[in-house]
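Going line by line, the protein sequences match chains C and S. Take the first sequence: its position 38, counted from the start at 1, is 38 in my numbering, and no numbers get skipped. Take the second sequence: its position 132, counted from the start at 1, is 1132 in my numbering, and no numbers get skipped.
Hints may contain errors.
[What the hints assert, rightly or not] Simulated DEER-style distance windows between Cβ atoms:
1. C:A51 - S:K1065: 22 to 30 Å
2. S:A1037 - C:N4: 15 to 23 Å
3. C:P74 - S:Q1152: 43 to 51 Å
4. S:K1207 - C:D55: 38 to 46 Å
5. C:S62 - S:K1065: 27 to 35 Å
6. S:N1044 - C:W68: 44 to 52 Å
7. C:W68 - S:N1142: 15 to 23 Å
8. C:D19 - S:G1171: 20 to 28 Å
9. C:C46 - S:D1199: 47 to 55 Å
10. S:N1142 - C:N4: 20 to 28 Å
11. S:R1253 - C:D55: 24 to 32 Å
12. S:K1250 - C:S62: 55 to 63 Å
13. C:D19 - S:F1123: 49 to 57 Å
[Unchecked claim] Covered stretches of chain C, going by a simulated chain S footprint (3 or more residues, C-beta under 8 Å):
14. 19-26
15. 48-57
16. 62-72
In short, the hints are calculated from the structure, not lab data. We treat Cβ as the ideally placed atom computed from N, Cα and C, and that holds for glycine.
Each chain, written out:
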Amino acid sequence: MRANHMSLLDEWRDAVVRDADRIYVAANGHSFNMSLSTGENSCLGCHEDKAKFCDSCHDYTSVSPYCWECHINPKEIE
Amino acid sequence: MMKKSRRRFLKVAGIAAIGLGAAPAMNFAASDSHGSAKAVKNKNENVLEAKRWGMVIDTGKLNDKIAKQITNACHTQHNVPDFTHEVDTEKFPKTRPVNHKQEVKWIWKEKFHYAFPDKEDEFLAEKFHHLPFMVLCNHCKNAPCVQACPTQATFSREDGIVIMDFHRCIGCRFCMAACPYGSRSFNYRNPLPFIAELDPDFPFRSKGVVEKCNLCAERLAKGEQPHCVEAAEGAIVVGDLEDPESEIRKLLRENYSIRRKQSLGTEPSVYYIV
């Protein structure tokens, strides 16, 4: 996941926006909501702490993706 | 003789090496295949689907109050900035003054002679001057914006919804020039200071991106009606234009309806019952 999550996100985005497929059923039977931050089974729906789940690695490797210029971390809304 | 056997040895060794290399991958594939086999991407169980989505707006059922309600429902829940909103200067200290020509809108109230310039007769029935016409993206069958977009950020989905992939938009605004309905807005500035309350269920946009109505694709995917339909108290109906049994086809059969700038050949999917 650490190495390849960007390709996964890219693929998921195309599936959601272009094909309107929003549910990902993994090979092991688990299903996920293909969304960064909306709903329970989304990325942040399970990994609730963005600081740990996203930022810690991004800071360490000094990359600044612009996901959160539009997507909303539900925990950050006052 | 020696030469030949060496060649043979290398051949066998090579094949064996390929076999060894492939073994873990094959094992992996095999372990994947028990249970539900491969990963799949699906739609939600209660998704609303259509061959071609369309909308019917019954202008007779609209009034100014409902029109406001519709715009509000759509704009607040899609995080569309409202430039009349007073900016919190503590949070956003460097906000420039507003230029109202740069407003962003998805669905809004328009006068008849602006919405239907080709239908404005000299002695038009009085009521048309006062009716609020709700205008939005027409989700055209031959959408000019789709043809204009150089990055395929705007595209026609299989079910007829003209939708944007905001990630791909480079902000060239060709689509805005191409759209004959003015349905598209450009984010000349960061919209965030002008959003009163962020709705976490939908992203907002960044500076330099065009936006427009997406027929609430994110809600249809969950089996819910678009925001405007819910707020319209029965004045707006969405449904399948290709299905003769659908509610909107029934409405179109029984009522006289018009479309905006039909003569341009864009085949809008939004019908107005007048």
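Does the Cβ pair R1253 (chain S), D55 (chain C) satisfy 24 to 32 Å? Violated, at about 56 Å.
Hint check for K1065 (chain S) and S62 (chain C) - Cβ pair distance inside 27 to 35 Å: Between S62 (chain C) and K1065 (chain S), where Cβ atoms are some 53 Å apart, the hint is violated.
Is the hinted range of 55 to 63 Å satisfied by the C-beta distance from K1250 (chain S) to S62 (chain C)? holds (59 Å)
Could you check the hint for me, namely that N1142 (chain S) and N4 (chain C) are 20 to 28 Å apart, CB to CB? Hint violated: Cβ distance 39 Å, outside 20 to 28 Å.
Honestly, do W68 (chain C) and N1142 (chain S) meet the 15 to 23 Å range at C-beta? With a Cβ separation near 37 Å, W68 (chain C) and N1142 (chain S) fall outside 15 to 23 Å, so the hint is violated.
With a Cβ-Cβ cutoff of 8 Å, does the region 19-26 of chain C contain at least three residues near chain S? holds (count 8)
Does the Cβ distance between D19 (chain C) and G1171 (chain S) fall inside 20 to 28 Å? Given a distance of about 25 Å, which is inside 20 to 28 Å, the answer is holds.
Using a Cβ cutoff of 8 Å, are there at least 3 residues of the region 62-72 of chain C near chain S, or does the coverage claim fail? holds (count 5)
Could you say whether the range 43 to 51 Å given as a hint is met by the Cβ separation of P74 (chain C) and Q1152 (chain S)? Since the Cβ atoms of P74 (chain C) and Q1152 (chain S) sit about 30 Å apart, the hinted range of 43 to 51 Å is violated.
Has the hinted range 38 to 46 Å been met by the Cβ atoms of K1207 (chain S) and D55 (chain C)? violated (22 Å)
Range hint 44 to 52 Å: satisfied by the CB atoms of N1044 (chain S) and W68 (chain C)? Cβ of N1044 (chain S) to Cβ of W68 (chain C): about 25 Å, so the range 44 to 52 Å is violated.
Tell me if the beta carbons of A51 (chain C) and K1065 (chain S) are separated by a distance inside 22 to 30 Å. Hint violated: Cβ distance 44 Å, outside 22 to 30 Å.
Violation of the numbered hints given earlier is confined to hints 1, 3, 4, 5, 6, 7, 9, 10, 11, 15; the remaining hints are satisfied by the structure.
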